[in-house]
Amino acid sequence: MVELNPKYLEDLPLTSYSDNSTELLRTGTWKYVQPTYEDKLPACSHLCPAGNDISKAMDLVARGQLDAAARLWRSANPLPATLGRVCPHPCESECNRNAFGGAIAIHAMERFLGDRSFDPAFLPERAPSTGKKVAVVGGGPAGIAAAYNLALAGHGVEVLDDKPAPGGYLRTGIPDYRLPREILDREIALVEHAGVTFTCGTRVGRDVGLDELRERFDAVIVAVGFHRARPLGVPGEDHPHVFNGVELLERILLGERPELPRRMAVVGGGNTAMDVARSLLRIGVEPVVVYRRSKLEMPAIPAEVDEAMAEGIEFNFLTAPSRVVVEDGRVTGLECVKMKLGEPDESGRRRPVPVEGSEFVVPVDGVVTAIGESADLEFLPEAARDGWRVAADARLVTPEEGVFAAGDVVSGAGTVTAAVGEGRRVAAVVHTWLTRGSLPDEAPPVQGLWDRPVNLDRTVYVEQLNPAYFTEVPRPELPELDPVERRSSFAEVMGGFTEAEAVAEARRCLVCGTCNECCNCLYFCPDVAIARRGDAFGFDIDADHCKGCGICVEECPRDALSLMEVKS
Amino acid sequence: MRKVLKGNGAVAEAVRLARAEVISAYPITPQTSIIEEIASMVSRGSLEAQFIKVESEHSALAGCIAAASAGARTFTATSAQGLALMHELIHWAAGGRLPIVLADVNRAMAPGWSIWTDQNDTLSQRDTGWMQVYCQSSQEVVDSVVQAYKVSERVLLPTMVVLDAFFLSHTYEDVEVPEQVMVDRFLPPLELPHRMDMERPAALGNLVFPDRYMEFREKMDLAHGVALGVWEEVGREWGELTGRPYGLVEEYRMDGAELVLVTAATTASTARPVIDALREAGVPAGLLRLRVFRPFPAERIRAILGGRKKVVILDRNCSFGHHGIFHQEIKSALYELPHGEQPVLHGIIAGLGGRDITPDDLHGMLDGAWSGKITAPVTWWDVLPVKDRERAAVTMVEGG
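So the protein sequences, as listed, match chains A and B. Taking our numbering, the leading residue of the first sequence gets 1, the next gets one more, and so forth. Taking our numbering, the leading residue of the second sequence gets 1, the next gets one more, and so forth.
Just so you know, the hints here were simulated from the structure itself, not pulled from any lab data. Here the structure is a predicted model, which is why all the values come from computation and not from measurement. Relax, there's no trap hidden among the hints.
BS3-like cross-link-like pairs, simulated, lysine-lysine; straight-line CA separation at most 30 Å:
| no. | chain 1 | residue 1 | chain 2 | residue 2 |
| --- | --- | --- | --- | --- |
| 1 | A | 295 | A | 340 |
| 2 | B | 3 | B | 53 |
| 3 | B | 219 | B | 331 |
| 4 | A | 547 | B | 53 |
| 5 | B | 309 | B | 373 |
| 6 | B | 219 | A | 7 |
So, partial list: chain B residues that the calculated Cβ filter (under 8 Å) puts toward chain A:
| no. | residue |
| --- | --- |
| 7 | 95 |
| 8 | 96 |
| 9 | 205 |
| 10 | 208 |
Taking CB as the label site, the calculated pair distances span:
| no. | chain 1 | residue 1 | chain 2 | residue 2 | range |
| --- | --- | --- | --- | --- | --- |
| 11 | A | 564 | B | 217 | 39 to 45 Å |
| 12 | A | 25 | B | 358 | 57 to 63 Å |
| 13 | B | 398 | A | 524 | 54 to 60 Å |
| 14 | A | 102 | B | 181 | 50 to 56 Å |
| 15 | A | 464 | B | 392 | 55 to 61 Å |
| 16 | B | 240 | A | 101 | 55 to 61 Å |
Cβ atoms here follow ideal geometry from the backbone N, Cα and C, with glycine treated the same way.
Please put together the full structure from these sequences, using the hints given.
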């Protein structure tokens, strides 16, 4: 204790100091703004159609809590090992790490966490039974995601699928070299373990009617996806060596090895076209891709296009078929017209325009069409259809009471990831309807379904980060099968992370908008007004002593704090 | 070891020799090359220290204050506007009794914007409790920075070591750089008696009520009094070690001098040959150079100037409304002399904003005072003539 009333000047300290507590000074009364811990949406999750909580999982991996991260990822997304292989990963395009050494390999992390969690112990605990029953029409990714989440919420869920096994396009349209069947089977087994019943070989509209379903179940979700190939609409299309790409792919993927012409044109620029071309290559056919726009406009996942090119597949861009050339009953070529790009169309891509007199023949013995698919919705009443889509509103509700819809038949988004996200959203709507008897104004955004609070109105981009805390670290390379080996095998092309690689990559993650207890706020607070919580995650701010200086907000590397006006 | 150094380089060499542990600084012309050189030393490893880059001079001194409170030997450097921006913390450093050493390269204050020398930046900090030493050569810079640490750490007050912009900061000279072993013997590691102690947490600079505030201030004033003796003692000790003794002031040809020029910094170097020439011409001229300005060696100055006939005080500064600052200080020091020993004082304000003060100027000032051509107590030297004082003071020129 310092003597402040000494008898002589020499016994007074050199300068004023006090070893009394300063807690008495309630500096908090000065403030007109106050900091609050507020997680925001990272740029990656903002763009994730499946709504994965990427930053939180990355933080768990970085801390070495790999199982917790895998459990979190699988808690609402039943297909992480699948998406970790087939997702076009838009998340990485806006990853804030791009400014500091290259995007985080989020896609590879999803696969790593998915592959880690095939054991039922990774499933969330199922809520007590609600006694409600839901039918899901279509066992593709949208239907699986909806069924999984509803089953976990305590509802009885039955998925009806017309194929011999569930999975939809995952099984019939995505080749093994991208998604090994074993991976899909294990994920579906987990969905069954979560309480979902799959009834396969049952086609709604043929084996059972919609009305019967509506009687037997409390809710019906339509998620049948797109399976019907659109025709080319050119002369000669009815020749037996002109194949429907969706059907041909399904046959090949189910193990059939049909007698096929030696060299075949694959018409289209989407994922089906790429999958068909690359699958044909692997069974000894020489594919030639014919696409009416340029590489830039291709709807296929760019990596798939690059991989196809690396495998040596021939591409003819700005080329549109005009006639299948048939001589002596045999296909000898595909007559095409050269195109040039005109003004942008409603999709934003430049419209292809034929170049007059530019007809030429691509010499092939057969043709596969892969120019897009549409849905088969005949089982629905007229009012529930809107052209090739289901007439569902922003709530994912159809005009038929108790009938909901999700996936490509609603959005036409065309990716497995979007289907999973919409499955999650429709499950939330149906759950509200079944448990509360009410419907929301619109289906919640998929990130709104997270079990931690996040300000969805604020997305964290690189401008919101404090760059002083981040140094450049390069993105790791992932193993990839040699292109020459790929040409003759359906073995998986892309490799995955080892445990050490996953942890190293997660440590590179900036954990945008998400408190990861880095403690900068704690260290910088000049009023010692921030304290760690005892057992719980995060920090508390002592309002009596925080004077609202905002240093913690400024020094938070990742924008996980916000300054709020104090309302008097 | 002999080296050719400019004044700024001499500061850096001295900071290295003093083994400063924390340097917290922000660049400003003409000081920048001091901290650049120190940063290079830290980066090369020739100085083991933390170099803290900050976003302003206010933070630069805050960094030093924090580090010094923790017991580290600290250094910063600045000029003019930078020093002015530090002002609040200049008080904190002195009131906290922290032995920080700051090199200020004297630069005129804006506006009008100037990068050239005069003393108003440092003299505006006269009453903050810092000690101030004005240097005339790169050699004196090296020697004074090392001495400043020793004195500061004895009396627990911070010191400004001051050098003229460009005339000293950027002029190369032959310098004897002392050996590290010698400096280490001269300047032991800092043992701050009131350093922060994790075992005994305390709030620094807390509220002090009127019943005690004065006592803390009196302690600072007493420390300045003690410091006068310490500067003399340390200057003598340095002389024994290096052959270059230093005092509070420097006298040149003061034996029998009846006309004395009082000035500081590099102008003193310009003045010596002028004094010699006047002596040769039969004028009994001498030079008194101010070195340690705070604490102010009033007694010493009184002893030197008492009984001289005329004293010309050259101020490269001005306290607007009450003439040059050295002039004020000397006048107050001489007040205690008996009436018959009071010299006639002529204040000259010259060289502001970096204007040259040439040997001819100095000759003109001394000759003018000696011959009686200069009669005014204060003269603005070598400026435009004034016809109407009021008009000159407040009238805006049309179109100006």
